Amino acid sequence: MKPLPTPFLLAGRKAVIEAGQLRDYYLHYPFHALQKALHLSPAGIIAELKASGLRGRGGAAFPAGLKWESVMQQAEPVRYVIANGEEGEPGTFKDRILLEQNPLAVIEAMLIAAYTVKAREGFIYLNHSYRQIAQVLEQLLQWLCEDHRLGSNILDRQFDFDIQVRRGRQRYISGEETALFRALEGRRAEPSSRPPYPTEKGLWNKPTLINNIETLSCIPLIIEKSGAWFAVIGSEGSHGPKLFCMSGDIKNSGVIEATMEASLSDLIAWAGGTLGTFKGAIVSGPSGRLFLPQDLNKPLTIQNGCGNGTVVVFNDTRCAADLARHITDFFFAEYCGQCLPGREAMKQVKVLMDNLERNTTLAPLQKRYGELHTMLLNNSKCGLCSSGTSMAPALMQAFPEDFNRHLQSECAVCGGRA
Amino acid sequence: MSQTTCQITIDGNALAVPADSSILSATAQLGIDIPTLCFDSLLTPEGVCRLCCVEIDGMHGLVSACSTPVHDGMQVRTTTAKVRENQRLILEMVLQNFGTVDSNDPAKAQYARLCSMAQAAGMPAADIQALANNKKVHYLTHHDPLLAISAERCIQCTRCFRYCEYLHGFHPSEILDSGGVRELSFAMGMPLAEGQCDHCGNCVEHCPTGALVEKWTVTHGPADYEAPAICGYCGTGCSLQVQVKNGVPLGAHPDVADSSVNQGQLCVKGRFGLDYVNHPDRLTKPMIRERQGRTLDCFREASWDEALDFVAEEFRQIRDHDGGDKLAVLSSARVSNEENYLAQKLARAVFHTNNIDNCARICHAPSVVGLTAAFGSGAATNSLDEIEDADCIMLIGANPTEAHPVIGHKIKHAVLHNKARLVVIDPRNIWLARIADVHLPLRAGTNIALLNGILHVLIEENLINDTFIAARTRGFVETKPRVMDGYDLAQVQAITGVPAEQIRAAARLYAGAKNSMIIYGLGITQHIHGSSNVMACANLALATGQIGRKHAGVCPLRGQNNVQGACDVGALPNVLPGYQKFDDPEAVARFSEKWHVALPTSTGLKSCQMIHGAKSGQVKGMYIIAEDPVQTDPDSHLVEQALGNLDCLVVQELFFTRTASFADVILPAACALEKEGTFTNTDRRIQHFMPVLAAPEECRTDMDIICDLARRMGYAMRYDSPAEIWDELAELSPILYGVRYARLYAGEKLVWPCKTKQETGQRTLHENEFTCGKGVFHALDYAPPEESTDDTYPFLLTTGRRLEHYCNGAMTRKTQGLLGLYSHERIELNPVDAEKLSLTDEDWVQVSSRRGQIRVNCHITTRCPPGTVFMSFHFAEAPVNILTGSYYDPLAITPEYKVTAVSITKS
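Here the protein sequences come in this chain order: A and B. Going by this note's numbering, the first sequence opens with residue 48, and the numbers climb by one from there. Going by this note's numbering, the second sequence opens with residue 5, and the numbers climb by one from there.
Because the hints were derived from the structure by calculation, they are not lab data. Careful, some of the hints might be misleading.
Okay, derived cross-link-like pairs now, DSSO-like style, lysine-lysine, Cα gap no bigger than 30 Å in a straight line [as the list claims (entries may be wrong)]:
1. K249(B) <-> K394(A)
2. K83(A) <-> K272(A)
3. K165(A) <-> K298(A)
4. K840(B) <-> K910(B)
5. K423(B) <-> K253(A)
6. K423(B) <-> K394(A)
7. K139(B) <-> K414(A)
8. K414(A) <-> K818(B)
9. K414(A) <-> K345(A)
10. K112(B) <-> K394(A)
11. K778(B) <-> K484(B)
12. K97(A) <-> K248(A)
13. K397(A) <-> K139(B)
14. K423(B) <-> K248(A)
15. K140(B) <-> K397(A)
16. K554(B) <-> K598(B)
17. K249(B) <-> K139(B)
18. K86(B) <-> K248(A)
19. K840(B) <-> K394(A)
20. K397(A) <-> K414(A)
21. K97(A) <-> K345(A)
22. K414(A) <-> K140(B)
23. K86(B) <-> K397(A)
In this text the structure is predicted, and so the values were computed from the model without any measurement.
Next comes chain B alone, as it looks inside the complex (with noise of 0.2 Å):
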């Protein structure tokens, strides 16, 4: 488009603006402030508010700013009577339909705003009083489970769909009309919930007059007050203002500014997910396992002292007696990074031990080793901000719409508006395939092959940076002839059940494209082979100089709000804090000397030896903070028996889960909500949260028990704040250096690495050099999944998260409206296959593994290929981990759940 400019006149001001743009952005650039409804900057314009209509000399009645284009010579009238009179005569119908408005109403915030353009265009107050006429108006709430809309209030603007269809690519929502009837409806007639609405809740945002509202602000009222908090879900870290009413937080709000992760966008999660904080199940008092004789255990309520004391006397024996090695930490990445280390700290100081692990190893494990290996940093290379900005995106393995949906919003803003190339790698039709250049259905568990056949086109088409593989890279000479000679693309097509031209199409894409990102989830890491896996993703990097600058990266999604976080503040058996090795003398002693001990020197139990170890009676005492092993890790049978078999089980939780029931003593804690700290993202940015809400009744913070515990077992562990903590941690770890609490508490947003105190911290690693000097190639070979399909068990398995759920469930299924969106676990299943065992959508079904079986309705989609099925662990009624089989990657020790051979019947 010619970038030429108009000269035009606006009430007497003469200004030049660019040919294309609208009387309204020209009327912004002087300040003049025109009063919109339907406009909304990030949306085609409709002009059917005509709220912003304008006087054009020479020209008849008026035209609406939003949707006019200027022209040179314009001479445009914004003040004059008629559009004075023209903006009251618009705001007096909308007023007239808005009813009364008390304190309590949902839409108090818009009403004040209409009022107040009104003042503004020149409607006496007491008219607009007039207008509100005791009428009444409704809210439907009966629609939706979250959402209520208001028809009287709708003033059609479409803003909501229009911004439904900019955010997520189409709009489950419509205007139906018919002559004379014109009505907002829901997913053609069908409830929001049935139809394809993510809840994302934005649209709410959008409204421009609170017709379109969540519901909670009709049920309950608008919130008594707000206050800012980081979102306790998947690892994206977005930023919340929650609402807060009557003590409870019903719902949050996106921070909007551009600093924040999800600027001004959330999840159903993060907007509606969070009343499960006052769910009448909380656990608020500690309690004790009562032993009445051998078969009826039951839990009576205790006094934190005699909890504690009980605790600490037991741990104090197994320590004493057998040795610090017999007692074992699980650590959370649901808690804070101060209280992560403080579990650390208390079984290196505490406990004489190196068991501490957190859940980091059941998820992204490898990709720390992985990551590690090929670039020397275990970290997502990139910032989440650079992938709107990325020009091709490699997705594997991962479902960023449903389990990071914020990240999701970014590639499909990316794919839909950017113009990125979008290549998804992943066995199931997930919602991004529909709007990808390229989607390879790879057979799950064929990574490597596949990744390896890309390679090899990459290298076959000379389509690999050779000044970056030479300059940056080694081990790419050991690697080709592994490449080239094993991997042509018809033994990969027969692997993996891909078609060659596909692999072939992208392979080009992402080397053609000027900045690739990879973006990867736990379909790569949840494999006996993850780690390799890993390697593999990052040699294709290599191998095309897709990495080291912004917009070109390898990107694992974080799955928890803390995970990163848990392993950088040294939650892990193997580095100390800010992942310093034990076989660095310098970094050992500066901890002994800061913590008054000798660290111990055995090597640690990772999370699943722990388990096993505890089976054996390797492990006789176990700690285990925020953490529900016995749903999420694989083969629960042998879990339950494990942790059957312990001395002493403490289970610090918000419920009781299904390990709390294997507890001796659960400790009550307080949720992320009710306590301060900091919590570092999938992209390394650590945020800092202040409470939001008083922790109910005995619930005491993670930081206050350890301490309490440490300190009961003898060692003097005291803080007065979080603030002590991190700033304890930031001094002994050279890559947290510069991040400074007092720095985090003013708002500063902090990425690791930060070596001094006057850095933010580089947010795109590896950009001179890597973090171990070179890149280093992996020659890898493939090898099947652990487990295949045979007669006996025909189906491959594989489970993943669903948008509406969290983990084992234990916060969302105690959250009213998301259960309301997805209530019971469905297995998915192609419909050729349920043709096959003769099954219809809903029916029960036997699903049964070489390890149990359990019984489950089904969902029947071609979201699945044939042969495949998968299912969500969060429902303990259908404890899909009962049939993973518990077998791991030899680096990581992270298990395969992405692959169990299972059958399935009709029952």
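Isolated chain A (complex conformation) (with noise of 0.2 Å):
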């Protein structure tokens, strides 16, 4: 077993949610990466930031650098800054770690997106659940703003930033960015069309820098030591430290700190190992990939598909015909129903994953829900719908056995009959 990289953005941290802790954390807490940020110019820090390769960490892996770039260039005065804490990716608790272990990071980062985009406001979105998280956000932003690190003139620089902490419905569609700015606005969260962009038009038709609460908490780290430090980390394409939500048949679930080097088989056995036989695992959520055993030892890089870093391990005790219902019906819970392809598709699959005993043979359903994948690649408004029905043909493409089985009798693995 390889062992374990050394951890930056987990380093020596615990919980500072705990009673009595939080004020000491916050007085211990150094702002480094901030005082040298105000020092460098807001060019100087995408220039930095462009160097360290990072990029988001949120399941789409856009430049970090690029992205703050383009709102800084937007003409329109009023820009804000938008952590998305969101995290409603099934197995994804990455966010939660952060902000419970190092939540200074956090607002840190947006303090320095705020001083190079020249925003004046920003928010930090919650999942509905984080209720903790956002008592305590709310409690080191209210010391934040007694010692003048945020409201206005802040550090005697001439900048002015604001902070509010939002908590979203539970809805799954509210981590989609756009989807974002709708709920913060008091809206229904409807994703819009792109273009234009969040860095075009977005909370409030303003260029809005949105970045996912581990891209961000990794800004810090790349003010303070550098964006070649960074990039040494990890391999080309995908710099930097990487957290991993480990979860399903194995033997300590739990966030694993590791570079994008690692293969599934080493997260795996940092995890304790497979409980039972490994038969695959789904990475970053269920709109995701599905990893087979051939691909244990694959690097879980960017351009492998990491994604936001979710892994989720099933035995040959699952059923790949169940699993493929459950995230049919997932994706049919939470489709916004807004475009009529996303809608009319979703209701599709729904039917033809639940009708599954009723068929014959697989092929035909395989080609139709296959069929609705590729249309919805095409003309639905957003990505949810599309990539929630990625999932379950790829499950009949390398378990056809197991749907099978639903197809003549009862499925002695999960128990689903006709």
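Since each chain comes alone in its own frame, lean on the hints to assemble the complex.
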């Protein structure tokens, strides 16, 4: 077993939420990165970010430097900075860990972002269930205001910034950037068409910098230790430390900080090994990628689809058809229903999976599911439904025997029957 | 926004388009037709149907053409296999849910459109057919009295409520959404009627799949044919396409032409309120009162010959024995210009009296008096089209969203989309007060004090237009000291109850805007100072020069479809057709010569004087055409006594009204949809209409009846068509000279004054000179209304209209849908007052005034301020005019409906 790389994001941290710890944590937080950033020009900060090769950790892996630069270059003077902590993807809990263990890194990153893109207002948008985290953040923000690290004329540097904490509704879709804007505006969380992109017209149609919590957590490291230092970690195109959320049929579920050079087998080993025989893993959530035994030694790079770093392992006691059905049901419950193809296709795939046992062969069902997925890739308004219909066809491809078992009689593995 | 252009290529054609345009608008420039469902040119594109998706070189997937802006160098492809495939897939999904469509399907037209789109996208006809798959779709009809929706056919494009939000600034319907279940709901799950929906029905026009339809199309199927008509309700004069099914006009669609008044919009009455035409209560045979002893009177059916001979004989007797001035004709704002012309000709040439009037007397006669005194012409100074681009609208004593809904839409549009400022002066919190910049809730009857107060501010802050005053007006010198001395804001606040700062704000808005319009209604005119109120409005326009150009002027909102026309063609006691005066010998000679009679010289009675005259015996015979004074004139008890006192009362009507019950002879008339003629709307536009239906049974047109009666009285009144009548009128009236029937028939949009056959008339009046030369200021003094509250009668009752009903309710209460929306009258009172009287909603109350008492349900609402209560006069069961007093404006003889002191007790 390879040794676990040195942690940076989670180095020496433990949850600060416990009573009495918070003030201590706040008083000892150095804000080195912020101080250093305030001596750099916005262009300098962006250069540093570009040099680091940091890509978005929310799943889409958009180069962070480019995003910041795009917002900075907008003509519109009013801009917003948003930290996206919606984290609705099943099996994902890294943002929670980061916010519990080092919330000030996120706030510090937002301050640096605000200084860079000249925003005066920021929001931290949290998952509905993160109530305690919201309270901690509120407390920290209050202290920061009292110490003139937030509010007007921060640290006598003639720049003003304010952060508000918001918790979302319990909807998967509100993690999508544009839906999140609508939610913040007090409207129904529904994605808008792109272009225009959030960097041009985001919250209240103003240029908006929106980053994942983990992405933001990397920023102080980059500023403090330089982009070049960050770029060295990991492999080409997949730089920096990454948090992996390990769950499913493994011994120790939890967050592991590693580099993206780590392979799936490394991660499983660090998590104490698989329970039973490894059958597959769903990486980056139910809309992500399926890893099979032959992929165990692939490094989980961005190119290989590490996405947001969620790894759900399943063993041979799991039926792939049951899994596909669960995933279909999940997206059927969570699609926003806004666009016509999304709505109709989600209804159709739900019917397909519900009526799985009525088929005599798998091929037509598999073909239809695939067709709908392709159509959604082409024409749906946002990416939710197209990504939501990608996993089931992959499972059919990989484990046809599981599905075939459902066609003939009662499934011995999951008990599903017609 | 920078006006740079982008160079783009669409299907190989290079073109330059403005940088902020969408791909869809760019393709439209090239004439490329991209199918759309959720796109609507008026609304913000949502891009949810994905039918308009096109391919952009260098992008994965497709993008929606409606919502994607162009960028420089964009290469758009609209006809690739991928695009077509997408169109087919989308339309397949839509058609799959559409179910079978038979010839009686309400969404037949939309289905045909979808099929042609599918064919254009390359879907074989057989496949389209196969999608119908014998599935039956359902329309939910129990949610709403007027609308029906099919959940299967709804594609949730949200056009209906996006349009509602656009038009009304809010939407009562909503898509309910919770994981996987999503359905259209109206008014937060409430039936629409209880919500805030106006039922204008304009959402129906915007539904691309026919999921949202008028309920009658579901219950009866689509119309057999449609025919153009002019709406017979308020004075807006909307053009309709009446939808006729099995001989019943079940509804109407709006005229979408830009040249029409309504430009694609309608209100609930115009769209849904036409089926009264076929109501079983319709009078279809002449009836004569059979006097049986002293108490029991009844009506029996008679032939036309018998009825008309009877009437002719009675009227001739009175005319020959007692003199023509013992007869009176009350003509109607509901019948055509031609018929009004005949009515006044009947009075003047056959009865030899000037006792001819119409119901303008009880609504806008003060406008005619006041505006004529100030400007020289008694009509609206601007056309309705000018409202939408006015910079400031001062709305006084009018509730257009209910009484003139399409004008209400125009004001909403001006405020919500064209950034017009809005000042609302009304005691009640009417809908438009919500979006008003300033709302001045004055105490009812204190208009002059308030308007003088505004003028005071204008002078004090030097917001007046000195050059305009000097060049184009007179009388300012006399007016100024009156206003400056007596109406400082502290005094005005004390009289009107409106905070001084708000008055100041309103004055600044009105004077500060580039073009300001005053729009007023009966809240100005139905007072004992009605004419003075109108002059006070005119003073503001004259002082600021906000008149005599486009988007600036003073516009009364005329209440009935042809009330303007009835006055124009001379159904007034004091003027001849075209407002020609009796002191003009040349005009009088012209009429005498044409009519072959000497014109009567006595002063005619005004309608309210006729009623008093009937009571005192000054009038013995009355001919009432389509009017119901018992219900609509003030002090009903007095009216009843007066009509009972007549020797001969002839009522020409559609239905058996309360007035008809006093008649000696009732003549069944054809309604507006059953005849040809012209109506003149509130902005002086003369509109021609043709019959949509045949009149039922023995009903005859008013024109036919009047001519027949005249002939039976020995006067040769013969016309073959309305055209002959109109052209005689035009020939005799200089202001209408250029308006010839042939031009109206050909569809020309003409307004008066139109003095030559070449021009189309002046839409904006007083452009370079006032009709009377210089505009006249009037120094006016406030005097309190005739009635004031006291311990016995502590509430001020003000009356008006409801959205769903009209006038005496004869028409609207005979239409199922409208009655379903608002079924009984309720007196509106403030929660504060309700608490004092320990009332809850719908409680019965007894309302008493110095003249009588009525029982009515109550409705507790903050629309009325404390101390003020409101009722409409539509319901015979709650006849509010039993309470109102017969106090009149001395100049116009218009009653004071708007201020009555009443008491309210729980009953």
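key: Hints violated by the structure (numbers, ascending)   = 1, 3, 6, 8, 16, 19
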